Amino acid sequence: MIEIKNLTKKFDKITAVNNMNVKINDGSVLGLVGSNGSGKSTLLRLLSGVYQPDAGAILVDGKKLFDNPKAKGECYFIPDFPFFYNNSTINSTAFLYRKLYPNWSEEQFNRYCSIFPIKRDARIINMSKGMQRQAALILALSTCPKYLFLDEIFDGLDPVVRHLLKRILIDHVSENNMTVIIASHNLRELEDLCDRVCLMHKGTMLMEREIDALRLGLRKVQVAFSEVPLASNVFEGINVINVWQNGNIFNLTIRGTEEDFMPKLDALNPVYISAMPLTLEEIFISEMGAAGYDVNSIL
Amino acid sequence: MTSTVSFKEKFKQAFSIFKWELKSCTGTLVVFSILAAVFMTIILTLCLVIGNPNNSFLYPDSSEMTYEIPLQVFQILTSGMIYFLTIIFTIIYTVKVYSYLHNKRKADLYGALPVSRVTLFFSKSASAFIFSLFPALFFLGIMSIISICAGQPLVNEATHTYLKLVIGTLSCISAYGLISICCGTTINSVIMFITVCVAYPLSAMFVKGVAGGFFYGSYSEIFKDHFIMNALNPLAAYDGINVIYWLIFTLICLAGSAFLVRKRKAERAQSSFAYYLPCHIVKVLVSFLAGMFLGVLFGSINVFGYGLLGFIFGFILGSIPAFIICHLIFYKGFSKLVLTSIPLGGLIIAVIVGIALCDFDVFGYNTFIPNSDDVESAGLIDTDYCYYDKDESFSSLTKKSAGDFDKKEDINTIINFHQQYIDRENIASIASNEKFSNVWYDILMNNMPFSVDPPHYCFAYKLTNGMTVTRIYAPIGFDSIYSDEYYYINTTEITSKKEYVEKYSAMERADISNITTFTVDALKRSGYEGTADLLPNYNDINNNTSNEQENIPKKVLAALKKDFAADKSTTDIVLEPFHSISSDYYDGYSYHNSLSEYSKEYPDVVCMISIWTNNNMDNEISSFSQIFLGGYFNYHATSEYYLIPKSYTNTIDVLKEIGVLNDDLTINENSAYY
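Which chain is which? The protein sequence lines are Y and D, in order. First residue of the first sequence: 1, per the numbering used here; consecutive thereafter. First residue of the second sequence: 300, per the numbering used here; consecutive thereafter.
Worth flagging that the hints you see were computed from the coordinates, not collected in a lab. Incorrect hints may have been included.
[To be verified] Listed next, with one range per pair, are the computed distances between beta-carbon atoms:
#1 Glu3/Y <-> Ile624/D: 46 to 56 Å
#2 Ile391/D <-> Asp26/Y: 39 to 49 Å
#3 Phe306/D <-> Arg120/Y: 49 to 59 Å
[To be verified] Residues of chain D clear of chain Y, computed beta-carbon distances all greater than 12 Å:
#4 Glu308
#5 Lys318
#6 Met339
#7 Leu343
#8 Ile349
#9 Glu367
#10 Asn402
#11 Ser671
[What the hints assert, rightly or not] Stretch-level coverage of chain D by chain Y, calculated; a stretch enters the list once three of its residues show a Cβ under 8 Å from a Cβ in chain Y:
#12 321–331
#13 413–421
Here the structure is a predicted model, which is why all the values come from computation and not from measurement. Glycine residues also receive a C-beta, built at the ideal position from the N, C-alpha and C atoms.
Full structure from sequences and hints, please.
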């Protein structure tokens, strides 16, 4: 289990991660979502031991991670731009990892090399962005990490490989109880993969919840009236996060279950009403809007 | 809560990283090997072909030639070539190896590896050491094997190259490693390394120059080849001297690196610095250097009509812009300029106050002569009458001389000579701008590859309070190079004393190998005849000199020393010509006249023994220059003449035994030495 306690990381005057607390259970897939510069990549670097926390602690299975080779041997981090030397190949990099990572599996290595369509002895630096990520994934999965940290891993991958990756990760999680933390702006992919999601903004965690609960807790509701209600507080008593009005039609994002808010909306005598769950992207936009980060406030 | 990793495990990890680094550096290693092998083959071919003793065109008299010289040249050129190639490739490896601290993507890769930061740093450093040294030592080994198989042992230059490379590489890599940890970018690390290597020795030269230029008698050559002159310049370790210092330097750098790398923030990659101390040191060094350059220049050309004012103006004009330029380079802008300018302010104040104190001679260094009542003993060395070994330090020789004379009369004589020197050289009233000019002179002279002006008069006093005061005067100032106005003191009163001769003469101090002329002269003679040369000549040495012949000069010298030590009464007779001839020895006429005079004045004297020494003053003149420059910088340092009375039985017996003297104590004209 990973425990993040009062974690703070500052870069000069900028606080990239501010007093963050979260527990990540083994065998879970956590999606890190947030605005640009919200501290997602910094959090991953802190988790992988690249950065040292300024305050607070990261405990991996109860052990501090920073500069702790044993604990780091259980983790693997693929950054947004993985580094490879000019003459690095998958084989030559595997030569190093084989000695350094205690759980390195030759069997897995051979398996992933055959699954992903890239050559082992080709120079990685000459490959496309997507191929480089696949190379990094082969190496990462071959170390059989207990904790896998992925930063923008879906960037550059074609839909087939994205699908393949998701399947491999899900298999790994279910078979080996691996914990995966993925930072990504590709919410559609996260939606399929993650069981929990952590929403970050300006270094703070806005929320951390199971995706299902998140989806159930928020509803996108369209309400049409024959005449627009005059009262300004027409939706009083309903936990409306976001309202967008187009003539007589209101598009609402409401926190709560349908049992809670439908009777109240019915009481307003709408001519049409429909409720449906939000996509992760819609949840993201509405939550960020609630935190003051939406298109209208930016414009 | 952190778990530990065993040493064996750490070693395994380090070795894995080393092997991985080896793979990434294979290309560079191959290039080094190809270049070294090709150059070595070219040099060997040229040396053997051009130096072929059977080449009748080049060597018509080939019967006496061997491959000795060509193989020596091969060794020297090859070791020199490998030396320079290694330095270049060391720079390439080192910059490459430590770039993991400066590249954000590399920092992600290495920071996430399950290796401790210290293990990672040391395995990277070990890679740099081994990649730099191993190929060089391999090719030097091949060169040695070729030479030894051809029957030519290694010359000093070649053997010294091993040491130079090992010490230089260790020091440079560890210093660059430390700098890399402190810097955020590779370019900052490289700039800082170069700046330290250049700015520190130049700054030290100015400090030494000020000491030599402002404090007459301080003799700043005391720091020649001293580690202080290059303390922060690891490139100087490639000279292969001060080995102990450079080993300590390496250990300090590695220990400092191990401490700092643990705490270094990885996010500092691509920032200006991770730790700011080296930045402040470099900024202050560069400002000091620029300030001193302009300050001493303006001081010496008497800007504002007074040297010190010119210096102050020049120092401020040089140091402030240099500081700002350094700041702009390192910080990529003006941020924190004002905040970091405090050391500059301190530097300007300290230097100006320091130079003013020196200029006004506030502590009276230049005019200090102790009161005879305060002196327990004193010493004087007149280098015209002193044999000194090429490796001997004048300062320690002078310091030791403080105990030479403890009679009040002798102490007063020495103090009187010292006073004469100060008065005649006008040391108390030297103009400010002249002192600044002397700084340039001192810098120039101290950086000549050979000694131009050794000290002339050295005074030493052991005071009653236990302190020892020394003043070592060498000609100073550009005028002294061509001027004959340098004041000579007649120091015979001290230097003709037996105690002096016993301590400082070539007879007592010089090794037989450093004696170039060792002759026995008849006093009654006609023309130039009447001299027996005791040293075997060059051809004899190379061909058929027997051990017995080689030992003869040693025997004569030993007998002379014995007689001189036992002589209680006739010392004045013996030493009479010690000074008078030596100043005229080029003048054949005076020489013969002197001998005739002595024969009349001292009828008891049998002959005169002359001892000349060829004292190579310069430590830097190595066997390389001996081969290529023909020992151009050697010169005679001393020439001594001893009258041998009949009472010197040991000497006379040996001279008779070897056939130089007849039984009637005349020179044997049929002797092999005649």
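**OP:** List in ascending order the numbers of the hints, as given earlier, that are violated by the structure.
**Re:** 3, 4, 5, 10
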